[in-house]
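Engineer: Protein chains in written order, with this note's numbering: chain A, 8 to 500; chain B, 198 to 1124.
FYI, nobody ran anything at the bench for these hints, they're computed from the structure. Check each hint, because a few of them may be wrong.
[Said to hold, decoys possible] Below, computed lysine-lysine pairings styled on DSBU-like, alpha-carbon distance capped at 30 Å:
id, chain 1, residue 1, chain 2, residue 2
1, B, Lys-1013, A, Lys-189
2, A, Lys-262, B, Lys-241
3, A, Lys-129, B, Lys-1038
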Amino acid sequence: MKRFLLASAMLFLAATCGYAQPKKKTAEDEYYPILRFDLPKGEVLEGGGLEMMPDGKVAFGTRRGEIWMVENAFDNDVAKAKFTRFAHGLHEILGLAQKDGWLYAVHRPEVTRMKDTNGDGKADLFETVTDGWEINGDYHEYAFGSRFDKDGNIWITLCLTGSFNSSSKFRGWAGKVTPEGKFVPTTSGVRSPGGVGFNAEGDVFYTDNQGPWNGTCGLKCLTVGGFVGHPDGFKWYKDPAAKYLGEAPVVPKSKSRQMIEAKKIPEFYPTCIMFPYQKMGNSTSGLDVDLSGGKFGPFQKQLFVGDQSHSTIMRVFLEKVDGKYQGALFPFREGMTCGIVPARFAPDGSLFAGGTNRGWSSRTVGGKNFSLDRIVWSGKVPFEIHEMRAKPEGFELTFTKPIDPKTAGDANSYSMKSWTYIYQADYGSPEVDHSTPKIVKAEMVNEKTVRLTVDGLVPGNIHHLVSGGVRSAEGAGLLHTDAYYTLNYIPKQ
Amino acid sequence: MRGSRLLWAAMGLAFVAVSPLQAQPKTTPHPVLSGYERLFADEKADAAAGGQLLLTELSCVNCHRVDGGSAFLQRQGPTLTDVGARVKRSFIKKFISDPHAAKPGAAMPNVLAGLPEEERKDAIEALTHYLASTGTPKQERPDGKQVGMGGDLYAKAGCVVCHGIRDGSGKMITMIPTHAPKVDLKSKYTIATLAAFLENPHQARPSGRMPGLLDGKEAKAVANYLLQGIPFAGSPAPKTKGTTNFSYYEGDFGQNLPDFSKVKAKKTGVGQAFDLGTSPSRSNYGMVFTGVFQAEQDGEYAFHTASDDGSKLIVDGKTVVNNDGVHPKTSKSGSIKLKKGVHKVEVQYFQGAGEDELEIEWEGPTVSRQDFSNWVAASEEGLNNKTPVQAPVAKADEENYPLDSKLVAKGKSQFGTLGCVNCHTGKDADKAKPATPLAKLKTEGGCLANEPAKGIPFFGLSGQQKASLAAAIKANASAKPASEKESIARTMAVFNCVACHVRDKIGGVEDAMNKQFVTTQPEMGDEARLPPVLDGVGAKMNPTYLDKILDKGVRDRTYMLVRMPRFGAANVGHLSKDFRAIDTIEATPKVDHTLAMPKVKAGGRHLVGAQAFGCIKCHTFAGKKAEGTQGIDMAVMAQRVTRDWFHAYLLDPQKIRPGTRMPSAWPKGEVFLTNVLDGKAITQIDAIWQYLSDGGSAAIPVGMNKASIPLTPVSSAIIYRNFIEGAGARAIGVGFPEKANLAFDANDLRLAMVWQGAFIDAARHWTDRGVGYEPPLGDSVLKLPNGSAFARLESGTAAWPTKSAKDQGARFKGYKLDKEDRPTFLYSFDDVSIEDVPDAKPEKDAVHIRRTLSFSSEKEVTDLYFRIAAGSKIESLSNGWYRVNGDWRVKIEGGEPQIRSAGAGAELIVRVPLQGGKARLVEEFGW
């Protein structure tokens, strides 16, 4: 409780600057308040990368190519945070990772690792780890990087040239940088990524943005030899570094559907989570997994994904069906200070998120064009759908709190719509293939779980469930009633 | 029901039974009307509605009058009062003889088809003489320079939507059934007359089925594109004045004219004097023109050249005007004393990118300043040739025979008696021939007969078209529209609006044409590429603005390359009211602002700016560029759209335009910026509306004008890795506090540039999305050789390799920074590791850049060379200094540099003197 009070006091403090002030306290604030850092005066810290340093500092990489170290970043009094510039001069940092005393920065031309060898608090040695991809001067050729995976690799996603074509080497690819500093391209089909990270099992995921071959934004799984949607990078299968992957996949047919093409193209890993355009943001970005063991509340091992235009953090539950990840997307937190790019969990179980709206418009609080926020758990458990699993006959929902059998067990407490997007070379897609699956039955499985029998499931469609009528055993409604399940595959059992 | 797709046809009309259709052979070129082919060519389509379209589009109702008056959307045929000045005489004859042979798919019937052969021939002759008597087509010299622009306009501005896809040479490559009939344009028009038609199609065709799309300059370009290779009657004969010999060269010649004697000409010949149109390319080419001219008297002659890019004029081997270099159109002059007699002239020209132009004038004792090209000839023989132009070349007889006044008079009379005048305005033409009123027509025989008959126009109708017409006649479908909805649907079909627009789920871009719709802003998606859906347009657009769009066309969506053409108010102006009669939107109540209007507008201005919703990131404002995508200009919005629509759209963009990329600033009505104005969505939206109502005179939104961000090293150096012009995409800029700077190219391991003074302006990369390369901010920018700075050579005479350093096995390994952030670059070339310490060193003349290169290698390497400089000229000075291009100086310590020739210039290289695996070179620049 003390923690919550502090957080809310900080909110008030943060509200005193800028032309526009933070909007009124929302229901979300009660469970997950946002602490907003005051950034150093006169400096421009546009969020690009975040990493937690072993000495307890938070490293904040910026689009202007600087890295700032934040001391006392875990104090709930954000005024105690101290920002010191650690490095400058890099080329749009979109990934930070630390290991063995080195801080690795993924920026446009390369992965650079740096350290402070003389202990003056500033990096003085910058080593090129790899430059295994190329750039041609196009601003869209971004490079995003993950933290280290369990084998010591950094995963990289490389935006297409102009976000449309692969005009430079390995544009539109993902790959890993090995501990030996070798860039190994692993996956083709990337378009315009927004972040890359892992789930609790250590599998690799990244977000991609609506555009050609992406009807809407998505969370996609990166596998060695996989293909994730945009075929323009196929030319690089012939490059010596990618030769080990064999021939390029079959080029998908435009104006089709992902699941139709996935049946024809074995390498194609369909989008695990589709983010309905404008309903759940419109530019997905950084992601991280909650491995805090409960310090961030009930959503352990789930993914949290940012959005740069809606300035939100969304929540993702993943499960494997037919050997492929898919799952449900839930609103989690809106009102972040600025458009989110990096998001990273801290060892204390709080979630840091960096913001920037440069070049793209974002919802902002206080008209801020860049930001560093920290979401903490107040200790109160919100009443939410915790997990949403696909079942042969419908879905199974597990809630964060015991449910009221009368409302939760009533099919009329729920409604569902489904649709998908065209898989095409043209930019984006309208919502298509609309249907209204009917929830015919809602049965209690246990005090927190209900099973929905649904008539008319459509494989390949987003299933938008609204659970407006459900009440907790205590009589409360859901904090967020919407859930979006990307039903690529219907489980057989 | 059958009429459900097009309600007007179902309205009040009985179901029309259609007898089984006679299948027409595929080869029959039935009249092609785009709207009919799109909506009614299918047997399942509404026959009566299709017939209704044909009644106007085949001009049935021009003879078979409706209630003695004009029908709705009645189509007037082309005005023929001046057709002789517009269309070639040979084409007039060919077209009258058999319109369907001259233009397969023509709507014009063969009026003479049923006449006995002699009578028919006489009529053709008489009509041709009559029509030809109205004028002679103007000739115009083809201008090859305009072909590229014309082709681009044809493909992108919208011609292609109705007229088919053509290749770069103007040849048709793809036509779909809905495309307008194709005609051999070269047989019909000259460049001048096609251009005039394209600029103002409604002058010749007042009914507006062919809308206006192009301005005069563009029309000329498209005419040049479509009529490529047309014989030109005014082309100069090779042996006359007005000609030169030309040689055409291809290549990127860099900054200056090349030595053309060392370049191989791609093409040579004789042509119009100094005509760049002879070049098939518009970029990266060169031309040399030679000829002779006569000086009438001894005296001083001045020559003036205006060129883009560089040129040089040489008389009798002496350069008179040097207009060399890459530049926009620039005028230079020079003069020379000449003796009376014949002199030689040579003009050299080269073009990089952008515009290409060359104009030459002269003046002298006997000539006032004027175009020189009329005075020059390719050979001496030509100087004396009095005929400046050759007689017309192609089919001269067909175009130029004398007209017979008796035939003209007969044709004029037949123009009336044969019924031409029912559709066409003719010069002093006689009156019309009466025909059965539409209401009394039978549904077979006559114009619907399978064979031509005397006195009956033959249309070559398809079975479906006959069935459609029969159905329409039976249903009395010629009536004026009974509702606005019907009026809209009929108008959109007739004017082929459906080729671009959807309304009521009818029409829209056809799949086969989808790729032809392009945008300058692909990231905006289809919204930026495909013309808008017209559902709700009546509620969206301001009435006067919509009137203007329908009348004159519009280009507010500057990113959308297809244009809304001009259809003319008289033709489609009624749509404006029709749309408004149907389309409604919830009215937004008036907002009673508590603040004074200037404060309200200031609030609106704040809301669209960078500190609030950032509308300026994706919308231009009064022509000022946005940060990201360049969406529709905000300053025209209040003029274009209604206030009600504006409110509804801003409140919920997805509801109004499903799939739009426009985000919602008040999602579900929720207000984010609660302390702006009264914190209500309606007030805030209205404030934006009030602000935008000032149009282009409103104050620019906050955040739109970007300030510069100069990076200024004070006590430490500044590192700036970004796209630096002259140093590549992977440049590392270093600004030293001593006010000398450098840019290192990490791909080629080369020092790319050094410069004095200010370091760099980061605004390009640190505002907006960071598009493009930024040049140094300071002065005296010294550019060093492109390509790898290191190479392993067999000997000091081996050519410097062109492969990039990275491809030669080089690796950039990073850098160390000292206490003042001064870098030591670390890299390797093959087996040799290199530490490169640049620094700034104030000297008497200027701040020098001094660079210490330390080499180390485990292996014995004796063939590693370092290239210090390259230029047109390198001289050795005292104390180890060298002068490059007579301009800047460089010094090398620790090795034995050698000057060697390289191509047309010189190089300064040094072998890296590795001994015991170590070497050290010190390089110093003074400039």
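Engineer: Now tell me, hint by hint, if it's right for this structure.
Structural biologist: These are the hints, each one checked on the structure:
1. Lys-1013(B) with Lys-189(A): 22 Å, holds
2. Lys-262(A) with Lys-241(B): 27 Å, holds
3. Lys-129(A) with Lys-1038(B): Distance of about 25 Å is within 30 Å: holds.
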